[in-house]
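Residue numbers (this note's numbering), protein chains in the order written: chain A, 452 to 566; chain B, 40 to 154.
Since the hints were made in silico from the structure, they are not lab data.
Quantities reported herein were computed from a predicted structural model and do not represent experimental measurements.
Errors might be hidden in some of the hints.
To be verified - DEER-style ranges, computed between Cβ atoms:
#: 1; chain 1: A; residue 1: 471; chain 2: B; residue 2: 65; range: 34 to 42 Å
#: 2; chain 1: B; residue 1: 109; chain 2: A; residue 2: 531; range: 43 to 51 Å
#: 3; chain 1: B; residue 1: 121; chain 2: A; residue 2: 528; range: 40 to 48 Å
#: 4; chain 1: B; residue 1: 80; chain 2: A; residue 2: 492; range: 15 to 23 Å
#: 5; chain 1: B; residue 1: 59; chain 2: A; residue 2: 506; range: 20 to 28 Å
#: 6; chain 1: A; residue 1: 530; chain 2: B; residue 2: 92; range: 46 to 54 Å
#: 7; chain 1: A; residue 1: 512; chain 2: B; residue 2: 57; range: 36 to 44 Å
#: 8; chain 1: A; residue 1: 546; chain 2: B; residue 2: 59; range: 27 to 35 Å
#: 9; chain 1: B; residue 1: 44; chain 2: A; residue 2: 537; range: 33 to 41 Å
#: 10; chain 1: B; residue 1: 80; chain 2: A; residue 2: 521; range: 45 to 53 Å
All residues carry an ideal CB built from backbone N, CA and C; glycine is no exception.
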Amino acid sequence: AQSVTQLDSQVPVFEEAPVELRCNYSSSVSVYLFWYVQYPNQGLQLLLKYLSGSTLVKGINGFEAEFNKSQTSFHLRKPSVHISDTAEYFCAVSLIIQGAQKLVFGQGTRLTINP
Amino acid sequence: NAGVTQTPKFQVLKTGQSMTLQCAQDMNHEYMSWYRQDPGMGLRLIHYSVGAGITDQGEVPNGYNVSRSTTEDFPLRLLSAAPSQTSVYFCASSYSRTAYNSPLHFGNGTRLTVT
Numbered sequence: 452a453q454s455v456t457q458l459d460s461q462v463p464v465f466e467e468a469p470v471e472l473r474c475n476y477s478s479s480v481s482v483y484l485f486w487y488v489q490y491p492n493q494g495l496q497l498l499l500k501y502l503s504g505s506t507l508v509k510g511i512n513g514f515e516a517e518f519n520k521s522q523t524s525f526h527l528r529k530p531s532v533h534i535s536d537t538a539e540y541f542c543a544v545s546l547i548i549q550g551a552q553k554l555v556f557g558q559g560t561r562l563t564i565n566p
Numbered sequence: 040n041a042g043v044t045q046t047p048k049f050q051v052l053k054t055g056q057s058m059t060l061q062c063a064q065d066m067n068h069e070y071m072s073w074y075r076q077d078p079g080m081g082l083r084l085i086h087y088s089v090g091a092g093i094t095d096q097g098e099v100p101n102g103y104n105v106s107r108s109t110t111e112d113f114p115l116r117l118l119s120a121a122p123s124q125t126s127v128y129f130c131a132s133s134y135s136r137t138a139y140n141s142p143l144h145f146g147n148g149t150r151l152t153v154t
């Protein structure tokens, strides 16, 4: 079975403060991990991805994530957030099942930036 | 470059009515899929297609039909709308069904309300 758990449904932070959005996954096979961002009234866009290699992955808009196999985690971080980072963030795991890609998404974390 | 285009953006249906949500992509992507997004549940896969003439079920296919007669289009049909189908629907595509590093490109969504 494959699942993704985002531990916080909402995260409020002040502008220019650091933030961490937590994601844990369960899988018995190798996984490919993604973070997507959804700005208000828009579809999702890819923020970053982990396929293999370095466990620290850098994405767009200053975000980065660290893959930790022993803790089955893929937490997203940014050292200093801006108002424009207000959005919902989704962690996802990609599997190839019967020859097709399937993404399993977490429940989402709503990041709110306060001035 | 339009990417993934969904129509309509908003729709209100009465219980028992049928309708089709349209999705078109202009990137010559092989893989197309439909997700529904509900609060606290992330995105759940309804149906997907790995090429023209090929479709398969996702996690929550009941009450929905799809077809893929061309590479570009992947409409989602609600046969007899129910209030439980009130949701935001996203169409997404990627260039290869087997390339695990192929990110999904999302449309901007269709917000459906069934009364």
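If you check each hint against the structure, which ones fail? 5, 9 and 10
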